[in-house]
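Since chain A is already given, all that's left is putting chain B with the ligand on it; use the hints.
Chains as they are written, first to last, in our numbering: chain A, 1 to 199; chain B, 1001 to 1437.
It should be emphasised that the hints constitute simulated quantities derived from the structure, not laboratory data. Predicted model, so just to flag it, every value in this text is computed and none were measured. Hints should not be assumed to be uniformly reliable.
[Unchecked claim] In silico lysine to aspartate or glutamate, EDC-like type, Cα no more than 16 Å apart, as pairs:
hint, chain 1, residue 1, chain 2, residue 2
1, B, Lys-1120, B, Asp-1130
2, B, Lys-1214, B, Asp-1284
3, B, Lys-1141, B, Asp-1306
4, B, Lys-1402, A, Asp-88
5, B, Lys-1223, B, Glu-1259
6, A, Lys-165, B, Asp-1413
7, B, Lys-1128, B, Asp-1061
8, B, Lys-1128, B, Asp-1113
9, A, Lys-151, B, Asp-1088
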Amino acid sequence: MKKTRVLQAALITCSLVFSAASHAGGASGAMLGNTCAGCHGTNGVSNGPAAPTIAGIDYDYMVEAMEEFKAGERNATIMTRIAKGYTDAEIEAMSEFFAGKKYVKAMQKYDAAAAKRGAKLHKKYCKNCHGDTGISTDKDDDSGVLGGQWKPYLNYTFADLKDGKRSMGKKMKKKMKNLQKAKGDAGVADLIEYYASQQ
Amino acid sequence: MSDFTRRKFLKAGIATAIAGASATYGGFVIGGASKKVVVVGGGIAGATAAKYIRMMDSSIDVTVIEANKDYYTCFMSNEVLSGERTLDSIKFGYSGLGKHGVNVVHDTVTGIDANKRVVKTAGGDSFKYDRCIVAPGIDFKWETIGGYDAKVAEGTPHAWKAGPQTATLRKQLEGMRDGGTFVIAPPPNPFRCPPGPYERVAQIAHYFQNNKPKSSILILDPKKKFSKFGLFKAGWKKHYGYNPDNPTGPGMIKWINSEAGGTVSSYDARSKTLTAKAGKFKGDVVNIIPAQKAGKIAFTAGLTNDKGWCPINGKTFESTIHKNIHVVGDACIAKPLPKSGYAANSEAKVCAAAVVALLQGEGAPTPSYVNTCYSIIAPGDGISVAMVYAYDEGAGKIIKVKGSGGLTPGKFDPVMREREQQYAYSWFNNITSDVFK
Ligand SMILES: Cc1cc2nc3c(=O)[nH]c(=O)nc-3n(C[C@H](O)[C@H](O)[C@H](O)COP(=O)(O)OP(=O)(O)OC[C@H]3O[C@@H](n4cnc5c(N)ncnc54)[C@H](O)[C@@H]3O)c2cc1C
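Chain A on its own, in the form it takes in the complex (with noise of 0.2 Å):
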């Protein structure tokens, strides 16, 4: 009983901020979230197979992501296409609700052996930006999930940037170059089993 009554109250306290959060006028970042969760899972926690979780995400990182897609500069399927029906006070928002869920590691097949290999891969290459295990905590990073990523989420996305259909910073380029060199597609196919070893 007292719990629920704590429940309650907080809850309450919670709708409070929210609407007072919401930009003038607007819909609040739970109202336009909550549309999203159909293709990306209640909250962003998404179930696979493919679609991209995005709870938890980091704020600027999906605010620039966002912004690409209204602008047609990143390859999607159909978010070039949603994108362009929020304002960028509404994408700040929903990217304010995202960020502040808990991000949930997608429970996937994986093949062990090439996994151990990435993860060196990924220590070498990736990990100052993306974190110790393709997670960053570091707020200034501003880089995507991607440890506990879905996989083929994963695998679209590394053929985007190899193709050129998606841009990446200039020192993210250049490693993933030296990877290329170093591994080439054996390498970024080990690091997508490392990423999606983290359970």
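Positioned in the frame of chain A, the structure of chain B with the ligand alone reads:
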């Protein structure tokens, strides 16, 4: 408990909750005074609304009254027809809603008293509500096709409500001889899932191609065009054989539209013969999807207009006919949103937020809605249509957000079409868990 004391209680309840003070008021526990929402129909819209109300405010007492123990999604049921997936894979139960504290009652609602705010069931129970959400889905206008009714539909399925109907149609397709004809009669607008009949054609063509390649599909359509028109026609042509310039010419798929006399007026179940202006057509397997209207209870409760659908306020989904009753999903008029599962899920969340706010004595929040419909034409060929919607406060209606949405590009890109298929499956997993888990 009289209305008066109940209300007084409620106010006290909220005040106590905010202050986080003692658990009782006047000797009663606060929990007994919570606001009551009764949801009629635990399909996509109803189950979503129930879950989200509880997520938004767990002090609200939410009861879902649903006729069936199991829910079979219509979406992906076309893949059951083609044998790409099992009927079990589209079956969902109600234990997930229970985890959110939703009371689930399996019974059929027979009446809603809008004045007394009471829902009555076939089982003889009554449920009092502060706000009621009606989400019964669709019913059929059986009278539009002579010789076709609920009884005949047991042998000649519509399969437009998934479950046993889907199983029957699948069985008939499996039993059909190679070289047979499958005749499908899609409904006139407006209806549940505008691309659905045409995805069904593609899925069954896929099954025939691999199992009964001499067979053909005839579409007898009361419309001139349909959703994702160009994409479907191109897809049929590419994968199965269809000639857009001569739609009744050679090729597995033939389409007779309304202008060519495709509107079916009657059906003879014994000879499996459909009559249209264009002639009489005999099928080996026949699938008739009749014209549609809101689910029966919407009529009983007096929530429908002369066209057979429920007019609502697009910001709250409250009926414009009866106060304190909201209608969501296929049964309501939410134009320009289509009658789809994605839309039903999206509408239900807008409704849930409005109901929570109204019960808390606040104004309904500014809504936002999305719709997407994926269709799978063939393995490796997924397509979609999407749109973002907003509420125009001045005009008092739901509008499309200019510049958003649209179709998968017409130019066939195998890499992106393959991704869309995988994302269609992701959508299925995510929406079903958003609704039922
Ligand atoms: C073949 C096909 C393919 C589809 N594909 C897609 C797709 O790819 N994407 C998409 O977005 N949509 C799709 N749809 C549409 C989607 O299934 C519907 O739009 C959606 O189910 C509507 O939800 P609803 O809650 O309004 O109705 P329903 O989901 O039908 O739920 C209504 C519920 O109410 C219950 N009920 C009715 N009356 C009573 C009563 N009196 N008492 C108690 N319970 C009652 C019923 O048992 C049912 O469970 C498809 C539909 C079909 C037929």
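Next on the checklist: Against the 16 Å threshold, does the CA-CA distance of Lys-151 of chain A and Asp-1088 of chain B hold or violate the hint?
Outcome noted: 26 Å, violated
Checklist entry - Is Lys-1141 of chain B within 16 Å of Asp-1306 of chain B, Cα to Cα? => result OK: Lys-1141 of chain B and Asp-1306 of chain B at ~13 Å, within 16 Å.
Next on the checklist: Does Asp-88 of chain A sit within 16 Å of Lys-1402 of chain B, going by the straight-line distance between their CA atoms?
Outcome noted: OK: Lys-1402 of chain B and Asp-88 of chain A at ~15 Å, within 16 Å.
Item to check | Proposed proximity, Asp-1113 of chain B with Lys-1128 of chain B (alpha carbon, max 16 Å) | outcome: 10 Å, holds
Checklist entry - Between Lys-1128 of chain B and Asp-1061 of chain B, does the CA-CA distance stay at or below 16 Å? => result 11 Å, holds
Checklist entry - Is the straight-line distance between the alpha-carbon of Lys-165 of chain A and that of Asp-1413 of chain B 16 Å or less? => result 14 Å, holds
Checklist entry - Is the Cα-Cα distance between Lys-1214 of chain B and Asp-1284 of chain B 16 Å or less? => result OK: Lys-1214 of chain B and Asp-1284 of chain B at ~13 Å, within 16 Å.
Next on the checklist: Just to be careful, I want the Cα atoms of Lys-1223 of chain B and Glu-1259 of chain B compared with a cutoff of 16 Å; is the pair within it?
Outcome noted: OK: Lys-1223 of chain B and Glu-1259 of chain B at ~8 Å, within 16 Å.
Item to check | 16 Å limit on alpha-carbon distance, applied to hinted pair Lys-1120 of chain B and Asp-1130 of chain B | outcome: 15 Å, holds
Of the numbered hints stated above, the single one contradicted by the structure is hint 9.
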